[in-house]
Amino acid sequence: MEFKLILVISIYGTFKCWCSATPESFFKSDLSEENDKNKVDYTHHMLQLFDKIDLNSDGVLSKSELDTFSTTLSKVISDRQLANEMETIDKDKDGKVSLEELLAAFSIEVGEEDALNNKEPLIQRFKVADKNKDGHLDLPELGDLINPSRSPELLKLEVDDVLKAHDSDGDGKISYDEYKKYRNEDGEDETQSSNDFKQFDKDGDGYLTRSELEDVYKEEEEFDSFTMYDDVTSIVGSTSNLFLFLFSLDLTRELWEKHSDELSRSSVTDFQEVLEHPADYGLTFEVPSETPGTVHVEL
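Heads up, our numbering is the position in the sequence shown plus 1, with the first residue counted as 1.
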């Protein structure tokens, strides 16, 4: 969801970009090249993962089952990324983030000039996120700061900033002309601007209301859940089973096994993190025997 990173002139756009660039994401960018050199056969693990996703144990994965697993996995990934952020920012290792630690980390990441320009908005958000007013952010509070859709107070603050920056006539909503002005200044063609605006303008009245702006943040939080289905479709779709899979939305265990190598390096496994660190995801894989038999997953 690019809208809020482009449209919002607030600390959140910059802060979200910063927090999305976790060490884990850099590791993933080089994962494919590394795996080509040192490939591991994860077929048995992938079959066990299939059994975990296959909630009704009928040997077939439906779109609903994939979406359910994707939602669960996205939550775990988000928690792991949040823990990584805490580890990076919390320099004194007291398990909490002070305002000084947050400002220092932000300055290092975005540069002194941008950090200075956004210092006051960041301080304001820190104070709102600090629910118990102890002068520090614990893990859930840091999570709210990074993903304001989880906090009504922070979400209101973000939308207030959007309206303040773009609602030039003060009517409490953003017209297409107000929206287009900023997007075109950013070098985007009008066709793309129009298409994006229509996507966000849910009721089609030609304005982005407060409610619709809030939905942008909420949908961003849920957006990753759809990536897995797209990835699986792309991988399995290279076969003659594309029509069957796309229209019946079912994936057999045999088809899963056939593409287990490609699937093992996709979002299905958080780019192999699930296979290499299953305990972090609440999973336990059985060690395969020489003669593969029935496999299970323990939680």
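Hints are computed from structural coordinates only; laboratory data are not their basis. Remember, predicted model here, so these are calculated numbers, not experimental data. For glycine and all other residues, C-beta sits at the position ideal for the given N, C-alpha and C. Certain hints may be false.
Subject to a maximum C-alpha distance of 16 Å in a straight line, what follows is the list of computed EDC-like cross-link-like pairs (lysine to aspartate or glutamate) [as the list claims (entries may be wrong)]: (1) K64 - D251; (2) K199 - D170; (3) K157 - D170; (4) K134 - E114.
Cβ-Cβ distance ranges computed for the label pairs, FRET-style [to be verified]: (5) G283 - T234: 19 to 27 Å; (6) K76 - K134: 34 to 42 Å; (7) G173 - A280: 45 to 53 Å; (8) P153 - T72: 20 to 28 Å; (9) D251 - G171: 20 to 28 Å; (10) P153 - D68: 24 to 32 Å; (11) A105 - E154: 23 to 31 Å.
Violating hint indices (sorted, rising): 2, 3, 4, 6 and 9
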